[in-house]
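Trainee: Using the hints, position chain B against chain A.
There are 2 protein chains.
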Amino acid sequence: MHDFVYHNTAKIIFGKNAMEKIGKEAALYGKTMLVLGGGSVRENGVFDKTVASLKENGVEYCQLWGVKPNPDISKVREGVQMARNEGVSLILAVGGGSVIDTAKAIAAGVPYEGDPWDFYGSAKAPEYALPVGVVLTIPAAGSESSMSSVISNEETKEKLSCTAECFLPRFAVMDPQNTYTLPAYQTACGASDMLSHLMERYFVTTECCDLTDRLIEGAAQTVIEFASKAIADPENYDVRAELMWTGCIAHCDILDRGRGEGGRGGDWASHQLEHQLSAFYDIAHGAGLSIIFPAWLKFVSGKDASKPAQFGRRVFGITGLSDKKTAEKMIENLEDFYRSLSLPVRLSEVGIGDENFGEMAKRALAAKNGKIGSYVRLTERNIKKIYTLAE
Amino acid sequence: MHDFVYHNTAKIIFGKNAMEKIGKEAALYGKTMLVLGGGSVRENGVFDKTVASLKENGVEYCQLWGVKPNPDISKVREGVQMARNEGVSLILAVGGGSVIDTAKAIAAGVPYEGDPWDFYGSAKAPEYALPVGVVLTIPAAGSESSMSSVISNEETKEKLSCTAECFLPRFAVMDPQNTYTLPAYQTACGASDMLSHLMERYFVTTECCDLTDRLIEGAAQTVIEFASKAIADPENYDVRAELMWTGCIAHCDILDRGRGEGGRGGDWASHQLEHQLSAFYDIAHGAGLSIIFPAWLKFVSGKDASKPAQFGRRVFGITGLSDKKTAEKMIENLEDFYRSLSLPVRLSEVGIGDENFGEMAKRALAAKNGKIGSYVRLTERNIKKIYTLAE
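Quick note, the sequences are listed as chains A and B, same order.
Note that our numbering numbers the first sequence so that position 330 is 330, with each residue one more than the last.
Note that our numbering numbers the second sequence so that position 50 is 50, with each residue one more than the last.
To be clear, the hints were calculated from the coordinates, so they are not data collected in a lab.
Warning: the hint list may mix true and false statements.
No copy is singled out in the list; a pair is fine if it fits within one copy or between any two copies.
Straight-line distance between alpha carbons at most 30 Å, and here's what the computed DSSO-like set of lysine-lysine pairs gives [stated by the list, open to error]: (1) K11 - K21; (2) K24 - K298; (3) K11 - K24; (4) K11 - K124.
For reference, chain A alone in the conformation it holds in the complex:
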C-alpha cells in the first residue's frame, strides 16, 4: 500500500428534505451564481426549490443557463465574465457532472488572470477558486464530492481534465427525488459512469489494497443491482437513493487511497480513450464507456487476467474457472449488464467507424503526455487495438 493523504471536506446533505437546506449553506458565502443546464430543472421543480431556499435565506443570485453535455470552455469563459461582473462569492452548480465541472472551472477562472483553459490537460492546477456548491440532479459523474473537472474545447476537439484541491465542493445537496424524472437512457449512462469510476480505481497492479478492493466490489455490486431497478421503477425513492449515494462514494476518492504512486491509484485508460470518442463524436460519456470498457478489459486480460478474474469471482460470483476464463466470462457478464440497460457495447451500434482511430489514439496519448494506463501501460498501437476490439 502506498502512502496517502485523504482529506475530503465536502458536506453531503442527502435526502428527502435536503433541498430546504440549500439557502442556509449558500448564505455562509453570499451572492451566488447559479450554473444550470437546459430546461429540465425548470420542469421538475429543482430550479424553483433552489431559488425558494435562496430567497428564504436572503441570498442574492444571478443565473448562467445553457451548460451542455461535454461542456465547452466557451461557457466557462462566459461564466467567469458574469461572476466578475456580478461580484459573486459562491458558484452553485444545479445539475449533473457537466454543470458541476463547468462551475468548478468558472470558480477557478474568476481569480485567474489568464484563460481558464490553461488549467486543463496541463500540470498547472489552480491553487485558488471561489467556493463551489452543488445541487445534484444526475447521479453519475461523482463531481459533487471530487476534485476533478472535465471540460471540452469544441474548437480544438479536445476534452481534458483538471484535478485541484480547490475544486472540492463545500457542500452538495442530494435529493434522490430530483432524479425521478431522469429518462431511462440517462439513468443507464449514469450507472455506467459510476461503475467505470469503480473499475478504473480497481484495476491497479499495487499489491495489498485489499480493503479498497472489497469496498469497490461492494459498490460495483450495488450499481449493478440498482441500475435496472431504477429504470424499471423510476420513482422508487430507495432505489434512486442507493444509486445517488453510490455515485458519490464511487468518486469521492476514499476508494482509491493507497492504490498507486502519490497516494491515489487507478488505471483511467478507458476514460482517456472515451474522452477522445466524445470529443470526436456526439456520444454520451456513459455510452462511450460501455463500449470502451469491455474492449479495454479484453485487451488487458490478455496481458494479466488476475484482477479481472478477481472482479469476476467476487462481483459476478463466477466460480470454478481459470483466471483467463473467469476474465472472459466477467466481460460477457459486464456486456450483458450494459445491454440490459440498453447501452451500446460496440462502436458499430452507434455508427462510429474506424476513420479516426489513429488520430484518437495520438490525441489520447498527447493529452496525458504519452502515459496512459496503470494496470497495463498503453502504446499508440495498443490503443488502436482497443478501439478495434470495440468495433
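Mentor: For chain B alone, coordinates are given in the frame of chain A:
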C-alpha cells in the same frame, strides 16, 4: 434510507512517511499539549519522532502522561488544568483510543466552566472544543476520525460516551510501522473492536441500505482476513496497513449514513453491555466485545435471523441453509474467528460470574435512558438473558 448529513473533515495522513508531517500540521494551531499513555511510545520511538517533528517546525509543547485503558475522568480533569495553565492551542493525542478519547474530553473541557464529566451520558454535547490532532499507535477504536469519546468514572463505576462535532480530529497521522510492536493480544483486541464497529452499524432494521451493507461486509472480511496475518507476521507493513486503514473506515461514520433515524444507524447494544463489563471488571474492550457479541447475536437471531443470515452468507460464504441455521453457523464462525486470535468468547474464560448481571443490566439501560438496541430493542430481562448466554 433515511435522510443524512455526512461531513468528515479529518485529514488522514497515512503511511511510512506520515510521522514527518506531524509538526507541519501542529504548527497551524500553535502550542501543543501531548496526551500520552504508558511508556510504549517511548520504547518504540513514536514519542521521539513526534517531538522531533514538532521541534523541527518550531512548535512548543507540554506533556500529559499516564492515560490508562478505560480512561478515567480524573485524568481528563488533570489535563484540562494543564492545558489552561500552559495556554495550549492544540491537544495532540499520541496513542490509541483511550488516549484520543481523553484528548477529546480535555479539548472540550478547556473552554467549559463546569466539569467535563457533564458531557458524558447526557444530551449535553459540547459545542466548542480546542482542536484535536492524533498520532495513532493502536488501530482499534477508530477515534482518530470519529466524533465519539468514551470515558470512565472509577468513583461511580460508570463508562459513558459522548458524541460531538467538535470532537472530530483536525488531522490523524497514521503510520502502520508504529503498530509493529503491538503485542498479539492487543492486536487481537483491536481487530475485535473494529469488527464490532462494523457489526454494530450493520444490524439495523432499516430497509434499503444496500450500499452500506456491502461496504460493511467488505470491511468485515478485511478485518477477518488480516487480523490473524498481523499476529503471525507483526512486522509486515501491508498487513498492518490494511488493519489500520480498516479501523479508520469502520468508525469514520461513512458506513452508517442513512441507516437509521437522524441519519446514522446502528444497534450499539453490544457496546453498551460491554461498557458495563469493563466498568465492573478489568477487561479490555475488545475482549469484552468478543464475549458479548456472539451472545447478543444468539439472542437477536431468535427474534429476527434475517440480517445475521445475510452477514453469514456474504461475509463467511455460508450457503444452502435457512436464515436461522445460517445465523447459527455465522455465530459459530465468528466465535472461531475470535478463538483463532486467542480472544475469550465466554465470561467464564475470564473469571467473570453472574454476580453483577442484574446491576449491569440496570446501569446499561440507565446510561441510555432506557433505550438500548435498534435491531432489537432490549428490556432489562433481555439484557440479563444476553449476559447469561455469554456465561
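Trainee: Next step is simple, just say for each hint if it's right about the structure.
Mentor: Do the hints match the structure? See the list:
1. In this assembly of identical chains, K11 and K21 lie within 30 Å of each other by CA distance both inside one copy and across copies; the values are 12 Å within and 26 Å between.
2. Taking the shortest Cα distances, K24 and K298 never come within 30 Å of each other, neither inside one copy (49 Å) nor across copies (46 Å).
3. For the homomeric pair K11 and K24, the shortest alpha-carbon distances inside one copy (13 Å) and between copies (25 Å) are both at most 30 Å.
4. Taking CA atoms no more than 30 Å apart as the test, K11 paired with K124 passes in both settings, with 27 Å inside one copy and 24 Å between copies.
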